[in-house]
Amino acid sequence: MLRYSVLALRIIVGFTGASGIIYGWRLVRILKNLGYDVWIVVTREAVRVGVFECNEHLFEWLRNISNGFCYADDWDCPLSSGSFVFHSMVVVPCSLRTLAAIACGNADNVLVRAAINAIRLGKRLVLVVRETPWSSIDYENAAKLSKLGVIVMPASPAFYHNPKNILDLVDYVVGRILDVLGIEHKLYSSWEESRTRGPLNLCGQDA
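Per this note's numbering, residue 628 is the first one in the sequence shown, and the count goes up by one each step.
No lab work stands behind these hints: they were computed from the structure. All figures in this text were calculated on a predicted structure; none of them were measured in a lab. Some clues are possibly wrong.
[Unchecked claim] If you anchor each label on the Cβ, the simulated ranges turn out as follows: (1) 791 x 659: 22 to 32 Å; (2) 773 x 811: 20 to 30 Å; (3) 659 x 708: 15 to 25 Å; (4) 708 x 785: 31 to 41 Å; (5) 823 x 683: 41 to 51 Å; (6) 810 x 749: 17 to 27 Å; (7) 825 x 671: 23 to 33 Å; (8) 700 x 813: 34 to 44 Å; (9) 764 x 825: 16 to 26 Å; (10) 776 x 825: 31 to 41 Å.
Ideal Cβ placement from N, Cα and C applies to all residues, glycine included.
Between the sequences and the hints, there should be enough to build the whole structure, so can you do that?
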């Protein structure tokens, strides 16, 4: 019974060195607020980007709020084991390099190893890619993973919900992540709800 409970509530969140660390930070905060057991794995590149984009205390905060925290080069981390029990995994932001490593089965760090374990164990794996544009190689890697049941989604916010600030844009993407995980939320209004409020005039008077 305990194993089932942990399985239903434990989510792995991976951070790579792509821009968009704020997406992962926001996802972790919301998952913890909802009562989920969150384990975090970060690459050294993610630390450098996170310090620049957020602040030098970000990963200390993540370590303190999470149920488990490790660096991707720490092979003693429980996440490297195929027997580690979890429900799903989200890599956000996911660099194109990490996307390629997962697609090729190149488990050169704990984050990629955990993602490969998710695939072979039939767990939900979500890769949120911020980098753009893509090459044909990137599309082929994404298509290969999609055929294996992996959700590959761009970190592309919408505008129909009338965002007022950066966090509103971030919450749209995080909300879409929660959608594919099957987690209810109220981070943004739907298209139907937004449409009833009338035109937004986001382009101002110059359009």
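Verification of the hints:
1. Taking the beta carbon of each, residue 791 and residue 659 are about 24 Å apart, inside 22 to 32 Å as hinted.
2. Hint check: residue 773 to residue 811, Cβ distance near 25 Å, so the stated range 20 to 30 Å holds.
3. Roughly 23 Å separates the CB atoms of residue 659 and residue 708, a value that falls within the hinted 15 to 25 Å.
4. Roughly 38 Å separates the CB atoms of residue 708 and residue 785, a value that falls within the hinted 31 to 41 Å.
5. Our hint of 41 to 51 Å for residue 823 and residue 683 holds, since their Cβ atoms are close to 44 Å apart.
6. Taking the beta carbon of each, residue 810 and residue 749 are about 19 Å apart, inside 17 to 27 Å as hinted.
7. Roughly 48 Å separates the CB atoms of residue 825 and residue 671, a value that falls outside the hinted 23 to 33 Å.
8. Checking the proposed 34 to 44 Å range against residue 700 and residue 813 shows it holds: the Cβ atoms sit about 38 Å from each other.
9. Restraint check, residue 764 to residue 825: a C-beta distance of roughly 44 Å breaks the suggested window 16 to 26 Å.
10. A C-beta distance of roughly 40 Å is found between residue 776 and residue 825, which places it inside the suggested range of 31 to 41 Å.
Violated hints, listed in ascending order, are 7 and 9; each of the other numbered hints is respected by the structure.
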